[in-house]
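Protein chains: 2
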Amino acid sequence: MITSASNSQIKEIRKLSQRKFRKESGLFYVEGLRTITSALEQHAAIEKVIFCIELLESEFGKALLARAQKKGIPNLEVSRSVFESFSLKEGPQGICAVVRQNIQDLLANSSLSGLWVALEGVQDPGNLGSILRTLDAVGGNGLILIGESTDAFHPTSVRASTGAIFSLQLFQADTAAFINWRKNQSIELIGAVCGEVSDYRSYNYAENTVLLMGSEQKGLPDSLQQVCSALITIPMIGSVDSLNLANATSVLLYEFYNQHNPVRKK
Amino acid sequence: MITSASNSQIKEIRKLSQRKFRKESGLFYVEGLRTITSALEQHAAIEKVIFCIELLESEFGKALLARAQKKGIPNLEVSRSVFESFSLKEGPQGICAVVRQNIQDLLANSSLSGLWVALEGVQDPGNLGSILRTLDAVGGNGLILIGESTDAFHPTSVRASTGAIFSLQLFQADTAAFINWRKNQSIELIGAVCGEVSDYRSYNYAENTVLLMGSEQKGLPDSLQQVCSALITIPMIGSVDSLNLANATSVLLYEFYNQHNPVRKK
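So the sequence lines, in the order shown, correspond to chains L and H. Mind the numbering: the first sequence is residues 1 to 266 in my numbering, read in order. Mind the numbering: the second sequence is residues 267 to 532 in my numbering, read in order.
No lab work stands behind these hints, which were simulated from the structure alone. Possibly wrong hints are sitting among the right ones.
[As the list claims (entries may be wrong)] Subject to a maximum C-alpha distance of 27 Å in a straight line, what follows is the list of computed BS3-like cross-link-like pairs (lysine-lysine):
1. H:Lys314 with H:Lys355
2. H:Lys355 with L:Lys218
3. H:Lys286 with L:Lys89
4. H:Lys355 with L:Lys89
5. L:Lys89 with H:Lys484
6. L:Lys48 with L:Lys15
7. H:Lys355 with H:Lys281
8. L:Lys218 with H:Lys328
9. L:Lys20 with H:Lys355
10. L:Lys89 with L:Lys23
11. H:Lys484 with L:Lys62
Full structure from sequences and hints, please.
If you want it as structure tokens, here you go:
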């Protein structure tokens with residue numbers, strides 16, 4: 001059992017709270033029984049499980065540790081004070097994991113099918129994570145992060161995704177690379193904007209669709225609008241002039257879902 | 267010009283970052299050019315505008331101050347260091363306001379019409395604020411906060427609402443009071459749950475509807491489900507077992523909007 005918070009392995013875990021070290025190591029930190037369960041079930045590349053018996057009170061938590069051990073995932077026992085030195089929760093549940101990031105360069109991928117979301121310059125990790133959550137819920141395939149954006153592996157994004165970060169594919173590309181990539185793709189690219197374009201409900205979404213959203217502050221730049229198959233907008237009749245990015249994306253994703261999974265009115 | 271951060275008026279402004287003092291004073295703190303513009307346009311009860319000429323660089327900001335002054339709203343000039351002592355922004359724009367809270371006891375209101383959202387025990391002020399934003403966008407009338415919840419006037423909620431906190435009506439009630447109130451109301455109360463109930467798309471929403479959502483962690487308690495006109499659910503086909511509260515509310519609000527504002531398919 002590690003009892004010193006200055007142990008080198010523990011220092012490496014704490015460093016994962018910084019984007020710089022997440023990038024350098026290609027790893028990220030995961031906490032919460034539900035999220036770790038999801039990592040296991042989705043066969044995420046878990047490098048290490050760290051636990052503290054004193055804090056691991058629930059039967060569910062103990063079973064989760066046993067399951068990880070049975071799978072042969074390396075594990076590390078630490079003291080309470082050590083666990084609390086890196087835990088992000090107010091009431092730590094005594095188990096966390098270090099997981100390898102599952103994001104790839106978009107250019108390495110020749111073609112995509114199914115439903116995708118592409119986010120250009122997304123800034124809020126909570127938005128990013130909850131978009132992953134909705135995208136998983138509607139049966140989507142994955143997310144493309146374009147340009148300078150927040151980190152999908154930020155603890156807030158991971159938590160907000162409630163496990164969807166493990167079930168979905170993740171790609172990244174800079175803006176110019178995305179535009180080039182797009183020119184060789186037959187998948188429909190549907191851009192969401194504020195303006196005089198089609199009402200999002202009047203568009204018939206193809207089965208293979210990338211829904212492209214701009215950033216919270218700036219919306220979708222012209223260079224990206226120009227390579228879209230179509231532009232759509234969500235009507236608004238109140239006093240605000242836009243919606244929260246994750247809320248807007250969720251509304252659009254459920255329109256896609258609804259068109260492909262209709263219900264009959266009772 | 268106030269140059270001391272320990273001035274009593276300045277201390278009162280800083281205290282508004284604490285829920286306790288927001289409650290005691292019935293006031294809240296508003297920052298950001300867009301949000302203050304909205305407060306003015308929606309005729310919010312602005313008690314005071316505070317500004318710092320050195321920070322108020324934009325023409326838009328200067329015009330906003332002039333507009334507030336022309337309306338006869340009391341204003342207070344402060345030094346840069348004083349403004350920075352209470353500002354919540356990294357790059358303060360040099361203008362903020364203290365506004366009277368526009369929330370009322372639900373029981374004081376005999377009947378509601380139009381579209382409302384009721385949130386039971388909502389915990390995240392960002393969710394609350396972005397729900398106000400979507401509710402405004404679909405032409406909703408207001409929000410009812412039920413039970414122990416976060417504060418609608420928390421700075422994160424105010425910011426996330428992008429002004430909708432001024433355009434919508436706000437009510438509050440404890441859970442028992444809400445249930446009693448509801449028994450004497452003819453408005454439809456539609457509860458959103460996870461489970462084997464109607465698909466949200468198969469329900470025909472009445473013009474006068476309260477959409478009732480449970481908290482992020484616990485969902486809608488039985489006592490509230492029992493007084494609903496109907497229960498609805500959002501289908502999910504992925505691995506996650508629920509949606510973010512604000513995303514789910516937005517999907518439901520746009521279904522209401524869509525039923526009452528249909529578009530013809532092209």
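Consistency of the hints with the structure:
1. At most 27 Å may separate the alpha-carbon atoms for a hinted pair to count; Lys314 of chain H and Lys355 of chain H meet this at roughly 19 Å.
2. For the suggested pair Lys355 of chain H and Lys218 of chain L, the alpha carbons sit about 18 Å apart, so the restraint of at most 27 Å is met.
3. Our distance criterion of 27 Å between C-alpha atoms is met by Lys286 of chain H and Lys89 of chain L, whose separation comes to about 24 Å.
4. For the hint linking Lys355 of chain H to Lys89 of chain L, the alpha-carbon distance of about 26 Å falls within 27 Å, and the restraint holds.
5. Proximity of Lys89 of chain L to Lys484 of chain H is assessed by CA-CA distance (about 18 Å); at most 27 Å being required, the pair is judged to hold.
6. For the hint pairing Lys48 of chain L with Lys15 of chain L, the CA-to-CA distance comes to about 15 Å; that is within 27 Å, so the pair holds.
7. Restraint check: the Cα-Cα separation between Lys355 of chain H and Lys281 of chain H comes to about 16 Å, which is no more than 27 Å; the hinted pair holds.
8. With a CA separation close to 23 Å, the supplied pair Lys218 of chain L and Lys328 of chain H stays within the 27 Å bound.
9. As the CA atoms of Lys20 of chain L and Lys355 of chain H are separated by approximately 24 Å, the hinted pair is consistent with the 27 Å bound.
10. Distance hint between Lys89 of chain L and Lys23 of chain L is fulfilled; the C-alpha atoms sit about 23 Å from each other, no more than 27 Å.
11. Our distance criterion of 27 Å between C-alpha atoms is met by Lys484 of chain H and Lys62 of chain L, whose separation comes to about 23 Å.
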